[in-house]
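Novice: Sequence:
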Amino acid sequence: EVCAEESLIPMATLFSRIHGVTVRKNNVDEIIGLKEAIDMLVAGSEILDLTHASDIITPSAAIMAIGNGGRITGCAHARGKESDRISKTVEMLGAFGIKSMESSDGIIVPGGQKPSRPVDPVLTYSDHRMAMTAMIIASKTGGCVEGDDCVSATDPGFTKRIQSICESA
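For what it's worth, this note's numbering labels the leading residue of the sequence shown as 1, then goes sequentially.
Worth double-checking, as some hints may not be accurate.
In silico DSS-like links for lysine-lysine, alpha-carbon gap of 25 Å or less [said to hold, decoys possible]: (1) K114 to K88; (2) K99 to K88; (3) K99 to K114; (4) K99 to K81.
Derived from the structure by calculation, the hints contain no laboratory data.
Quick caveat, the model's predicted, so the values are computed rather than measured.
Using the sequences provided together with the hints, build the complete structure.
Specialist: See below:
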């Protein structure tokens, strides 16, 4: 079961790629810029322009890392979200052993990476999209994610679903 908010579709895509399962794609046609960005992400585009979809920068970077890699652009304004999503995404991915690098307006991500269990708790700075991405990665690698209580505002059932998946694995 996936939350119906369209900007959370990359979370489902990340989960499906990390766990090797199929997740049905919701209809995102109504959101200007989001459908194109998600289509490019799912297709494995090497350059992902998120000018109109910067909310998906964090899961997109993780998807690119475990996939073919690439460059996320058009997100300079993401530095002013709940956290500086560019620098904090690079930091969070690094906690899982995923290499990435900040650019002025996005992130450069080498592909073919495999996340590993973090040594220390993963900080998410009470940013719900960072916390959700970290929790999805940790559902595969194990590890502790701090600041995960913020996800309930976006998807009230998310934490419970992730916990039940981890318990049944």
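Novice: Decide, hint by hint, whether the structure agrees.
Specialist: Evaluated hints:
As the CA atoms of K114 and K88 are separated by approximately 19 Å, the hinted pair is consistent with the 25 Å bound. Distance restraint check for K99 and K88: the Cα-Cα separation of roughly 13 Å lies within the 25 Å cut-off, and the hinted pair is therefore satisfied. The hinted pair formed by K99 and K114 meets the criterion: a straight-line CA distance of about 10 Å does not exceed 25 Å. With a C-alpha separation of about 22 Å, the suggested pair K99 and K81 falls inside the 25 Å cut-off, and the hint holds.
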